[in-house]
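Here is what each chain is made of, one letter per residue.
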Amino acid sequence: MRTRAFVVALVCLAYGCNVNHGMRPQASSGGCPERMSDGAPVEWYGPEKGSDRKKHDEWCATVGPIFIDSVPRAEFPRWDIGDSLAVVTWNMFVGGGDLVEFLRGELGLACEGDVRLWPETPFVLLLQEARRASSDLPDINNGPWSTHIQPDPFPGEHDDIVDIARRCGLAFFYAPTQRNGYQVEDGLKEERGIAILSTLQLSDFIAIELPFEASRKVTVAATVRTVNGDSLRVVNTHLDVGASLYRTFTTGNSTRLRQALGLIDALVLIEKARSGGDVSCGSACDPERFAGYPIATVAGGDINTWSEEETALRRLREYFPDSPPPGGMATRTWFPTDHLFFRAGGSAELRLVPGSYRRIKETYCSDHHAQIMWLADAGPGEE
Amino acid sequence: MRGRILSSIACLLLLSIPAAANAQDATGSDLARVGGGVLGVYSGVVLGTAGSLIPCTQTLAGVKCVRVAAIFGGLVGMAAGIHMGAGDEDAVVSTYRGAAYGAMIGGVVGFALKEAIPPYGWIDVATAAGIGAAIGTAPVGAVLGFAGGLAVGSILLITVPSFETADAVGMGFLGMAVGGLAGWVIRSIDAHENDPTIQIVLPLRVGF
Chain V
1 MRTRAFVVAL VCLAYGCNVN HGMRPQASSG GCPERMSDGA PVEWYGPEKG
51 SDRKKHDEWC ATVGPIFIDS VPRAEFPRWD IGDSLAVVTW NMFVGGGDLV
101 EFLRGELGLA CEGDVRLWPE TPFVLLLQEA RRASSDLPDI NNGPWSTHIQ
151 PDPFPGEHDD IVDIARRCGL AFFYAPTQRN GYQVEDGLKE ERGIAILSTL
201 QLSDFIAIEL PFEASRKVTV AATVRTVNGD SLRVVNTHLD VGASLYRTFT
251 TGNSTRLRQA LGLIDALVLI EKARSGGDVS CGSACDPERF AGYPIATVAG
301 GDINTWSEEE TALRRLREYF PDSPPPGGMA TRTWFPTDHL FFRAGGSAEL
351 RLVPGSYRRI KETYCSDHHA QIMWLADAGP GEE
Chain X
1001 MRGRILSSIA CLLLLSIPAA ANAQDATGSD LARVGGGVLG VYSGVVLGTA
1051 GSLIPCTQTL AGVKCVRVAA IFGGLVGMAA GIHMGAGDED AVVSTYRGAA
1101 YGAMIGGVVG FALKEAIPPY GWIDVATAAG IGAAIGTAPV GAVLGFAGGL
1151 AVGSILLITV PSFETADAVG MGFLGMAVGG LAGWVIRSID AHENDPTIQI
1201 VLPLRVGF
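Those protein sequences? They're chains V and X, same order as listed. Numbering of the first sequence is given in the working numbering, commencing with residue 1 and proceeding in unit increments. Numbering of the second sequence is given in the working numbering, commencing with residue 1001 and proceeding in unit increments.
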């Protein structure tokens, strides 16, 4: 009996210590240029666990600032009655994906060259592994960095995300996550980040540092106004593809699950804060008990899942109950890594357009396919 | 690189050398029971964990499912180890020897991973050695189980539309765990198979 209790205690202790995913609001931190951004105010959330925060600080110190431009070009279409909103998620392979051609081919926006085209309906584009290059990035010194990803040559120009967004006149929210190698080429250093680009005005900027597993992962969120002027929160996330062998083994392979639960925790905290609720519950926050759904939320990103039934994905679908059913299509090699989620809520009467969730066939030189779905206003007469 | 390959081959050859003692002549002891039980718990927990990592993370239970599998593996390993120690001390020694060889092979694999994957460190080399040690306690069962699981998984991947790549790979690791634990159980039964006498125990209370 004693031996059995010892075994149970040993196993539970081993996993229990490593899988805490509790989140809390974060203060701006000195030594981290990103969090000290002088642009529009950004609200930060991050893990409760001290060792996770320490690692985020180390990684954060090697990247540049956040970039925000909340107002799009005036020529872009408004979200009028009868229009649908296109929501797209795409991992662009550290700038390897040809974003300019993607905008032209999939969203009807030609913002370069002699012929200019404006999209017919509004869109929100969630980009992961966006590339930014600058001579102003901090020196790495002894700080951490990710392996340099240098995509094969591709047809478009190898511009950085902020330049493209500005040239196209899109509203955008870009947050760097990690350095793309330590190399300096032509005086330029590179970083990878996550970005929301839209033809609609963005507001209420939030950055969430996810529980640390293998590298620094940041989720960004912003709000757009729906056809009736209601709010729709837009969330862009990117989970780790895997952790070290030690962490994989001692956490029961819960790398992505821990990050997904951390994201859900943070979203619960955010909604509680905005509805005047208690935000001090931390990891004790139970999403199922928090059924206020004060705002409609659409989320997407590179979840890096191996299958469509992975625990992390199931948990996210639970929190986003109005999500489209899995598309059954691989988006990177033979794995279904990229997903979109939706949760109706608040006063916005939005619904997912049936059958609109699909994989975009062309990869535009990225190593991922994009996923797209459409949201429409469920006005009178609609289902 | 050549040295690593040669050392791997050497370890594999060492594994194939049969135990020095004949199990039929050996007997168990209290020390062997404890030793077998400890190694059985360790091996069972590690095999249970390794085998359930992928299958469990395809379910809503996730890490809770991994815990259950680890505890189940530990209990099976403990029972088999104690039973083995009670029947044949040399079988326990042989199993420890297998664990040592497995740890060496695992360490080599871990070192290769460390060299190939930048974020991997020495703790990952140690983890690989630890997993290798567990597999080394029942190498035949683990390898056969892995191959069988992967084969079944591959067939299901081709024939069942909802069966995904992760499920097929998970079947391989699950097979490894089941095969490894089966190896423990079989060896523990073997340790008693050639007892010189049949022992019948009658619970009889004598009092005046």
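Just so you know, not all the hints are guaranteed correct.
To be verified - BS3-like, lysine-lysine: derived pairs with alpha carbons at most 30 Å apart: (1) V:Lys-55 x X:Lys-1064; (2) X:Lys-1064 x X:Lys-1114; (3) X:Lys-1064 x V:Lys-272; (4) V:Lys-54 x X:Lys-1114; (5) X:Lys-1114 x V:Lys-55; (6) V:Lys-49 x V:Lys-272; (7) V:Lys-49 x X:Lys-1114; (8) X:Lys-1064 x V:Lys-54; (9) V:Lys-49 x X:Lys-1064; (10) V:Lys-272 x V:Lys-54; (11) V:Lys-55 x V:Lys-272.
Hint data in this document are derived by calculation from the structure and do not stem from the laboratory.
How the hints compare with the structure:
1. V:Lys-55 x X:Lys-1064: Judged against 30 Å, a Cα distance of about 27 Å means the pair holds.
2. X:Lys-1064 x X:Lys-1114: Measuring from Cα to Cα gives roughly 29 Å; hence the hint holds.
3. X:Lys-1064 x V:Lys-272: Roughly 28 Å separates the two Cα atoms, so the pair holds.
4. V:Lys-54 x X:Lys-1114: 24 Å, holds
5. X:Lys-1114 x V:Lys-55: Status holds; Cα separation ~20 Å.
6. V:Lys-49 x V:Lys-272: 21 Å, holds
7. V:Lys-49 x X:Lys-1114: 27 Å, holds
8. X:Lys-1064 x V:Lys-54: 28 Å, holds
9. V:Lys-49 x X:Lys-1064: 21 Å, holds
10. V:Lys-272 x V:Lys-54: This hinted pair holds, its Cα atoms lying about 26 Å apart.
11. V:Lys-55 x V:Lys-272: Distance of about 27 Å is within 30 Å: holds.
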